[in-house]
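There are 2 protein chains.
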Amino acid sequence: MATMTMKMPREEKAVSYASRYSLPAEPKDNDTNSNLCSGPVILLSHGDPTGFKPFWRSVGDKCKVTIDSCDFMSYLTDVGTVCWFLEKELEEAIRQLHSTVGNAVTDDRHIVVGTGSTQLYHAALYALTSPGGPEPVNVVSAVPYYSSYPEETNFLCSALYKWAGDAYTFDKEGPYIELVTMPNNPDGQVRGPVVNRNDGKLIHDLAYYWPQYTPITAQADYDIMLFTFSKSMGHAGSRIGWAVVKDKNVAIKMTKYIELNSIGVSRESQHRAAKILGAVSDSSQCIGANFFQYGKSLMAERWTKFREVINRSRLFSLPKYMEEYCQFSGEDSEPHPAFAWLKCNNDIEDLEIFLRRYKIMGRGGSLFGSDPKHVRVSMLGDEETFNLFLERVSSIQDTISNSNGNGI
Amino acid sequence: MATMTMKMPREEKAVSYASRYSLPAEPKDNDTNSNLCSGPVILLSHGDPTGFKPFWRSVGDKCKVTIDSCDFMSYLTDVGTVCWFLEKELEEAIRQLHSTVGNAVTDDRHIVVGTGSTQLYHAALYALTSPGGPEPVNVVSAVPYYSSYPEETNFLCSALYKWAGDAYTFDKEGPYIELVTMPNNPDGQVRGPVVNRNDGKLIHDLAYYWPQYTPITAQADYDIMLFTFSKSMGHAGSRIGWAVVKDKNVAIKMTKYIELNSIGVSRESQHRAAKILGAVSDSSQCIGANFFQYGKSLMAERWTKFREVINRSRLFSLPKYMEEYCQFSGEDSEPHPAFAWLKCNNDIEDLEIFLRRYKIMGRGGSLFGSDPKHVRVSMLGDEETFNLFLERVSSIQDTISNSNGNGI
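Each protein sequence line maps, in turn, to chains A and B.
Note that the numbering used here has the first sequence beginning at 1, numbered continuously upward.
Note that the numbering used here has the second sequence beginning at 1001, numbered continuously upward.
Here chain A stands alone, though its shape is the one from the complex:
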């Protein structure tokens, strides 16, 4: 089918985030196949974690916060600490949560709060590099890597660091920084660093190392570990991330980045995050176990349903994951990643473009350094959108199966 491989322009670099949600161009008169669906657009290109909202709605007043007119007026929370804009209550809640879940070591580590873990990624790059080097430090990550890393690394054309692509094929000499996303975004695989040279520094992005997504097999204990309130609890709009940092000087430099970039981090959001993380750690409130149970059930149910649909034909396939023992839940369990790394098995060259014709907006494989036969789709959206997605995938499978008679 001509439409399957038709090239559509990607968004301009400067076009806003919202444009990624835009509809495919209206079909031209001589291109009746260019828009193959009359239903609503299904937005799965971003990991907006609204799927967890029903849980938080059910919690009622337990995590409600009230902020008075004169609260949080100062820039400063505690001038005596490394991260001078970090709310003490948030720091305590973070340490307690990691202790409860068992997913990261925080004893004798510094906590740096950021406006989401994205700001902390920039802070870490700044902290791990210095001006005056002969070349920018190469930043690599194993394919498929998080699609925003290349642009986030390069957009300011810094002389401190530059994106150098796939860690598997990296062969340049000199210092480098390797990003290790574990479990990985987009494909959910558990993995470690791949370059493994002495002149490398590591940033571990552990945004998805929580029981609802993957078995907790060990306490992570790396030099710089990034976490986010968005993916752990589902509160993306708060823009709260945190780094767990071994080296004091790195934590100081990360704090300095945030000072120079935004003079701190919203204290209202920190206060609310402290309340919510605190409640999840506090077994007496019965929120913690319930939240992770809810999240895990939700993800497991979605993955089961999605695999059922996918398995009805051979048009698409999904990664397979091994069961492992989860130290948090005390049982063997399979990963249920936040994203599905969907692959098409027929002659569709660009799956993102193909799905856009059916008004399914995913993120194409080439953005992740991978091939365009892959698309990343979010498994975190609201229930209605997810169910509509299943229906539409089913319908695509039926259409393609009928058109070539063999499901491929």
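Keep in mind the hints are simulated off the structure, nothing from the lab.
Where hints are given, some of them may not hold.
Chain A is faced by these chain B residues, among others (derived, beta-carbon under 7 Å) [to be verified]:
(1) ARG1057
(2) VAL1059
(3) CYS1063
(4) VAL1065
(5) THR1066
(6) ASP1068
(7) PHE1072
(8) MET1073
(9) LEU1156
(10) ALA1159
(11) GLY1234
(12) HIS1235
(13) ALA1236
(14) ILE1263
(15) SER1266
(16) PRO1372
Since the structure is predicted, the reported quantities are computational estimates derived from the model, not experimental observations.
Heads up, the beta-carbon is just placed ideally off N, CA and C, and yes, glycines get one too.
Starting from the known structure of chain A, fit chain B onto it as the hints suggest.
Frame of chain A, contents of chain B only:
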């Protein structure tokens, strides 16, 4: 006096913000004059606007906000607008407030929200430059300029832009960006651009263009105007700033910067800022006129007291300001800037170091591109600190006057 001109090390580049609050080094045994005061440290090096706190305390429940467990979970507020993470209620409150105060045109302008106006400064630099130029675009501002601009501009060693210092002496060819802070930080003067060439672009920092600091003489109407919740209302901890932007493409690129830097801005803080800005605009609540009256009275009273103390000797001097008609208050009034740009008139070479010996922490003139005989001190702190500052300055004046007999 030897101690007056003694050089002390400035803070290291990578040392955290909090270190600026650190005490002077302990006096050595052979340096009995190095610490000339046994009282507490007086921190006036930052514009932390806690002086407005009593007003907001008096407001009681009127601006209290309550946030439920499931509020603000999505990254997105309105995917149809240029700034897709801007809360609609905040946008409306911003436009209404500027209309009420009469300090800026917002009709047919785009509003971009940021994590403080600092993030918006970075966003504006990104929006006004493009990769691939032969040289980074020069960024200038007239001396004395805001002390953070050089480091904020240069710290990532961007190839897009670089700090080029004083606008008065700028003579390089090619495109440039001029920062116009109006009224100026540190010296409170009202001023316009000084380079005035066709290949220049302007960023107007209007953080202090509010009735408590300066007469509102006209509706500002510039290409990019930066404002901040910190200095307008006193809520620095919320980290909310906004830009009023004429050109849609510039607004889109600024939004893109914030997407790549932090994927949006705290929605809790935006919600609270909307509530507070809205209340100040709403005459029925009697907060608006009262807030600006309170702020203006506070600033006027502090300036009167400070000038009285300064005028008792000739050791220090302060800038003088002209009365102008304020369209907001409907009366002639003098500026009462957020900072005092204090100058020493005797042979003290470095006023910052001199004052540190008396445990007064200001910010030295050289950081503003000016001479070290100046220090910027905040007039925005709490009442107790401000009164202690007046007492200590008096005491210094008495000491110096007694030591050389003529007050100089």
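How the hints compare with the structure:
no.	hint	in the structure
1	ARG1057	holds (4 Å)
2	VAL1059	holds (5 Å)
3	CYS1063	holds (4 Å)
4	VAL1065	holds (5 Å)
5	THR1066	holds (5 Å)
6	ASP1068	holds (5 Å)
7	PHE1072	holds (4 Å)
8	MET1073	holds (5 Å)
9	LEU1156	holds (5 Å)
10	ALA1159	holds (4 Å)
11	GLY1234	holds (6 Å)
12	HIS1235	holds (5 Å)
13	ALA1236	holds (5 Å)
14	ILE1263	holds (5 Å)
15	SER1266	holds (4 Å)
16	PRO1372	violated (23 Å)
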